[in-house]
Amino acid sequence: VNMKIKFVELQNFRKLKSCRIDLAHNETVFVGANNSGKTSAMDALRTFLKHQGEFSTRDFTLSNWKGINKIGFEWIRLNEGEQYDLTLSRWNNLLPTLDIWLEVNENEIHYINHLIPTLDWDNGLLGVRLRFEPKDVEDLCKEFVAKYKASHNVKELAKQKKNGDIELDLWPTSLWDFLEENLSTFFEVKSYILDPAKLATVVLRLAAMD
Numbered sequence: 022v023n024m025k026i027k028f029v030e031l032q033n034f035r036k037l038k039s040c041r042i043d044l045a046h047n048e049t050v051f052v053g054a055n056n057s058g059k060t061s062a063m064d065a066l067r068t069f070l071k072h073q074g075e076f077s078t079r080d081f082t083l084s085n086w087k088g089i090n091k092i093g094f095e096w097i098r099l100n101e102g103e104q105y106d107l108t109l110s111r112w113n114n115l116l117p118t119l120d121i122w123l124e125v126n127e128n129e130i131h132y133i134n135h136l137i138p139t140l141d142w143d144n145g146l147l148g149v150r151l152r153f154e155p156k157d158v159e160d161l162c163k164e165f166v167a168k169y170k171a172s173h174n175v176k177e178l179a180k181q182k183k184n185g186d187i188e189l190d191l192w193p194t195s196l197w198d199f200l201e202e203n204l205s206t207f208f209e210v211k212s213y214i215l216d217p218a219k220l221a222t223v224v225l226r227l228a229a230m231d
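The numbering of the sequence shown is our numbering, which starts it at 22 and goes up by one.
Each statement offered as a hint is correct.
With a cut-off of at most 25 Å between alpha-carbon atoms, the simulated BS3-like pairs for lysine-lysine come out as follows:
#	residue 1	residue 2
1	Lys36	Lys59
2	Lys38	Lys211
3	Lys87	Lys176
4	Lys59	Lys38
5	Lys168	Lys87
6	Lys176	Lys91
7	Lys91	Lys168
8	Lys211	Lys27
9	Lys59	Lys25
10	Lys87	Lys38
11	Lys87	Lys211
12	Lys36	Lys211
13	Lys170	Lys87
14	Lys36	Lys87
15	Lys156	Lys87
16	Lys27	Lys219
17	Lys163	Lys211
18	Lys25	Lys71
19	Lys91	Lys156
20	Lys71	Lys156
21	Lys211	Lys156
22	Lys91	Lys38
23	Lys156	Lys168
24	Lys170	Lys91
25	Lys211	Lys71
26	Lys25	Lys211
27	Lys71	Lys36
28	Lys59	Lys71
29	Lys36	Lys91
30	Lys71	Lys38
31	Lys71	Lys27
32	Lys163	Lys176
33	Lys38	Lys27
34	Lys27	Lys59
35	Lys219	Lys38
36	Lys219	Lys25
37	Lys163	Lys91
Across the chosen pairs, the derived CB separations fall in these ranges:
#	residue 1	residue 2	range
38	Glu177	Arg111	26 to 36 Å
39	Ser205	Ala167	17 to 27 Å
40	Ser77	Lys38	16 to 26 Å
Hints in this document: simulated from the structure, not taken from any laboratory. It should be emphasised that the depicted structure is a prediction, and the values quoted were computed from it without experimental measurement. Note that the Cβ used here is the ideal one computed from N, Cα and C, for glycine as well.
Model the full assembly from the supplied sequences, consistent with the hints where possible.
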């Protein structure tokens with residue numbers, strides 16, 4: 022079997038917003054300055070491919086938490102009877118993602134026939150996306166909003182009894198704060214088949230060396 026992983030593309034994992042890692046035939050070496058993302062890249066491969074239960078909130082790109090918290094605050098501000106936006110598409114550009122691209126020869130198709138994206142595919146590249154995402158957006162929304170509002174009600178009641186002279190810092194203060202304690206309950210890695218005809222160009226490439 023000559024089939025191999027040709028390259029992987031990583032998005033939204035720690036400091037690596039978007040990068041491509043080309044894999045050499047025998048050995049791949051990451052070369053770069055300190056804090057350039059080498060360790061993040063290796064940890065991403067290990068976590069996605071071997072230890073999926075070890076994801077933490079720190080594995081999300083830090084700047085993306087602003088967008089995730091925005092979703093949470095929108096949920097909180099809705100009045101009773103208003104419709105929540107529970108589409109997963111709102112999360113797509115915020116979630117840690119690993120795209121694995123296999124190079125497949127024609128005589129190896131029987132190994133991967135369950136991955137073929139369209140009837141037009143002949144041979145060449147095949148892709149699988151692994152994404153760490155909410156198991157069920159509606160469940161996440163309900164639990165977060167309930168916990169946040171219960172905490173907020175306690176805080177307001179305490180203020181009233183103390184004539185506004187008390188300031189409580191109750192959990193959760195944001196969706197990030199909520200997920201710090203509940204990430205594995207509400208998130209998991211899901212897989213998707215990718216169409217090589219839609220393969221995107223990636224800005225940053227980590228070079229492979231034999």
